[in-house]
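Asks: Respectively, the protein sequence lines represent chains A and B. So the number in our numbering is just where the residue sits in the first sequence, counting from 1, plus 3. So the number in our numbering is just where the residue sits in the second sequence, counting from 1, plus 863.
These are computed hints drawn from the structure, not numbers from a lab. Treat the hints with care, since some could be wrong.
What the hints assert, rightly or not - Once the Cα atoms are required to be at most 27 Å apart in a straight line, the calculated DSS-like pairs of lysine-lysine come out as: (1) LYS381(A) <-> LYS985(B); (2) LYS1175(B) <-> LYS80(A); (3) LYS1175(B) <-> LYS100(A); (4) LYS70(A) <-> LYS289(A); (5) LYS13(A) <-> LYS289(A).
Said to hold, decoys possible - Part of the chain A face toward chain B, derived, beta carbon under 7 Å: (6) GLU140; (7) MET143; (8) SER361; (9) GLY371.
Cβ atoms here follow ideal geometry from the backbone N, Cα and C, with glycine treated the same way.
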Amino acid sequence: MTVKEPSMLKQKEMIARNYDRLTRAPQHGEKVVSTFVPGNLNELLLCFDVVSNLPEINALQNGMRKKTGNYILEAEKLGHSEDVCTYVKADVGMMAKGNLAPNGEPLPSPDLLLLSYTGCFTFMKWFELLREQYDCETVMLHVPYAGDGVITENMRSYVVKQIREVVIPALERISGKKFDIDRLREHLAESARAEDDLVRVLESARHRPSPIDAWFGGVYYIGPIFTAFRGTPDATEYYRLLRAEIEERVALGQGPITPDGEMGEQRYRLVVEGPPNWTHFREFWKLFYDEGAVVVASTYTKVGGLYDDGFRHDPSKPLETLADYCMGCYTNRNLPQRVDLLEKYMRDYDADGLLINSIKSCNSFSAGQLLMMRELEKRTGKPAAFIETDLVDPRYFSPANVKNRLDSYFQMIEQKRRNRPTAA
Amino acid sequence: MTTTAEITRRCLALYEDLDFASVRAWKAAAPGRKVVGYMPVYVPREIVHAAGMLPVGILGGGDGLEVIHGDAYYQSYICRIPRSTIELGVTGRVDFLDGMLFPSTCDVIRNLSGMWKIMFPKAYVRYFDVPQNYVDAIGGSYYAHELAELREGLERLGEVRITDDALRASIAIYNENRRFVQAVYDLRAREPWRAPATEVYLLMRAGMVLPVEEHSALLREYLDAAAREERPRRDNARVVVTGAFCEQPPLNLIKSIELSGCYVVDDDFMLVSRWLQGDVPLDGDPLEQLALAFLHRSVSTAMRYEPTQAEKGRFLIDSVRRTGAEGVVFAAPSFCDPALLERPMLHSALQRAGIPFTSFKYAENAGQMQPIREQAGTFADSIKLWSAP
Ligand code: SF4
Ligand code: SF4
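Full structure from sequences and hints, please.
Replies: Take a look at the structure:
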């Protein structure tokens, strides 16, 4: 991005620092734990002073640096099917090609694979594959899916027991540190502070013009809180800065900052379901802001927690709150809940329509999206559109197709507007 | 005396009937009867049975169903079974279902549970979760509670009480069924020419729609008939087929593997009937027994977490050794993340064990069998070449 706001600089610095810490962990005698983003136990990991490595973030970073195309081909050469999730293949291919972090240094082997599989079965296979490579200790945290749209006491106590009896002992063993529940409480309280500010940022999109893009910009805003920083003063500070900046933009009636500067007139307010594409991220975003389309709410920015739905990490119930967090993430919610949430976003954010970016890789998100679209069209009467891309496989991003689809979608919205008698 | 040909004909008719006439007849035979469908891979059918209901395996539409509506619900890069299952639903072919269970097999079936809730709001729909933690006091206790919830849900659906005694009786009936199923598999492993793969497949498919007691009787008849009949013995390569635990291959594909010179001596089709290995004890709390059997005596398959690296692939290798197989055929549905992500790990385990293998993908409605026949044929030839004295 061209304009560097304090929050952006801070995030950049945090990420760079974390990669440096990660790649130097072996020299500094620090232990490395690999884990997944959705439903991660960051506050708990902080209690053991381990460094976390998040393979999904590596894949994303490599996607943005246009490296994943080769990595995926490499994985396919090694025998992985062209049909399966490309995050996994980007990771496998990266390992085969030297396992370099974005800072150019080799990533250390993990001391522990913490298989917290919230909302995606592929996670389980992914870490089984990594375990084969690294031959290191692997701990499974099975997070039950909210099939009936509720978190039952049985589900909660199952997750709590696993955290207490499986995850914590493994972390103690790896790190040589005793678990301190008061320290966990402190981190949880820190998380909740940042979460408050994040929600204010996300909800700022109710304004007209929206001061943020809740998808293309949103993915930056969720960065620290979804990853290795939730529960740290750094994250709290980041969200404090971010919130202040956004509030100022609201006061000045400004729109979001895009890679080409401040966005102009906002003609279409969209709610987006699904992850973005990383390999053509800027090009993709440009297709939106060039047409005056701004995303006012998105579900992807909820894969690491639905804070705008009221959830906060709660220091008074440290393990239960971790369990509820894991189970409450977006892709752990059932399809009717996902439809309800999108409907609510459409209304609360006064959106003109729904856009689904269906990701080839991701059955967790994608299976069922066509029904979700129908349901939402029916319920809201607003137009919906469906585009197909992939997260990190450049073979599945066709700019011309996406552009055509978006153009006709924006026309559809215009038409709908013209046909609406009360629209002034 | 019934012949294997007669039994097979009956099973084929059941297999081809996508309107499920036999299930409809069962339901109509007495007022108030209820039918509960389930998808692959595993659900505890004992509990449905103990409620006096008929559990029916819904395994997609195969190559006999033209999918017209189902494709509108799924992107091209998602496997076939959910779309043909939706097709069965929206065309009214499974309108006899009072309930539907969606096991925690993968994200596609998981999400289909929510779609079913939206599309068929009157049905009892349950996403059925199984534990990936195998410690009695953790995963076991979680699972026993889940089983209790399933029991309560079915009690509400059927307005019945499912007593512990009814559960024990159903467990005993399914124990018997598992023994017969195993006996058929054992027979085929010993003398595969007596129990061709297509016949065994159809026999097991019949178990998806028939009441379990009837299915057990059918298995017994088949075992008797197969033992009696002399059939030509060929110089085929003995293979284990794996990866087909969810979306089913077309029958022609199984036939093609056989025609290409392979005896299938083990497979992972319809694992639900062999998931729990050995009998579930009849003493104690029945749900707890089902839970313990799940934790400690389940088959190993892609949808289950394997806690230790050393164990990965062991189950498959054991199956190869036990059945005297000479190779493994990986047959996985296209776009099946669990099967296809599992595959490279199983490949390396087989490589380490020196067991040859070949791999291909299929779709339930695939028509072209020539490439698969050629591939399996080449594989069979190479096995014979290697094993030649
Ligand atoms: S399937 Fe989706 S959620 Fe799962 S690892 Fe792949 S991209 Fe992530
Ligand atoms: S075939 Fe594979 S991906 Fe498709 S529903 Fe079955 S297990 Fe899931």
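Asks: Against the 27 Å threshold, does the CA-CA distance of LYS381(A) and LYS985(B) hold or violate the hint?
Replies: Holds: LYS381(A) and LYS985(B) sit about 19 Å apart, inside 27 Å.
Asks: Take a quick look at whether LYS1175(B) and LYS100(A) sit within 27 Å of each other, Cα to Cα.
Replies: Satisfied, since the Cα-Cα distance of roughly 25 Å is no more than 27 Å.
Asks: Return the status of the interface hint for MET143(A): holds when the least beta-carbon distance to chain B is below 7 Å, violated otherwise.
Replies: With a closest approach of 5 Å, the MET143(A) hint holds.
Asks: With 7 Å as the cut and Cβ atoms as the points, is GLU140(A) at the interface with chain B?
Replies: 10 Å, violated
Asks: With a cut-off of 27 Å on the C-alpha distance, tell me whether LYS13(A) and LYS289(A) pass.
Replies: With a Cα-Cα distance of about 25 Å, the restraint between LYS13(A) and LYS289(A) holds, given a limit of 27 Å.
Asks: If you take the shortest Cβ to Cβ gap from GLY371(A) to chain B, is it below 7 Å?
Replies: 4 Å, holds
Asks: Taking only the CA atoms, is the gap from LYS1175(B) to LYS80(A) under or equal to 27 Å?
Replies: 22 Å, holds
Asks: Can you confirm whether the C-alpha distance between LYS70(A) and LYS289(A) stays at or below 27 Å?
Replies: 21 Å, holds
Asks: Does SER361(A) pass the interface check with chain B, least Cβ-Cβ distance below 7 Å?
Replies: This hint holds: SER361(A) lies near chain B, its Cβ roughly 6 Å from the closest one there, short of 7 Å.
Consistency note: the structure conflicts with earlier hint 6 alone.
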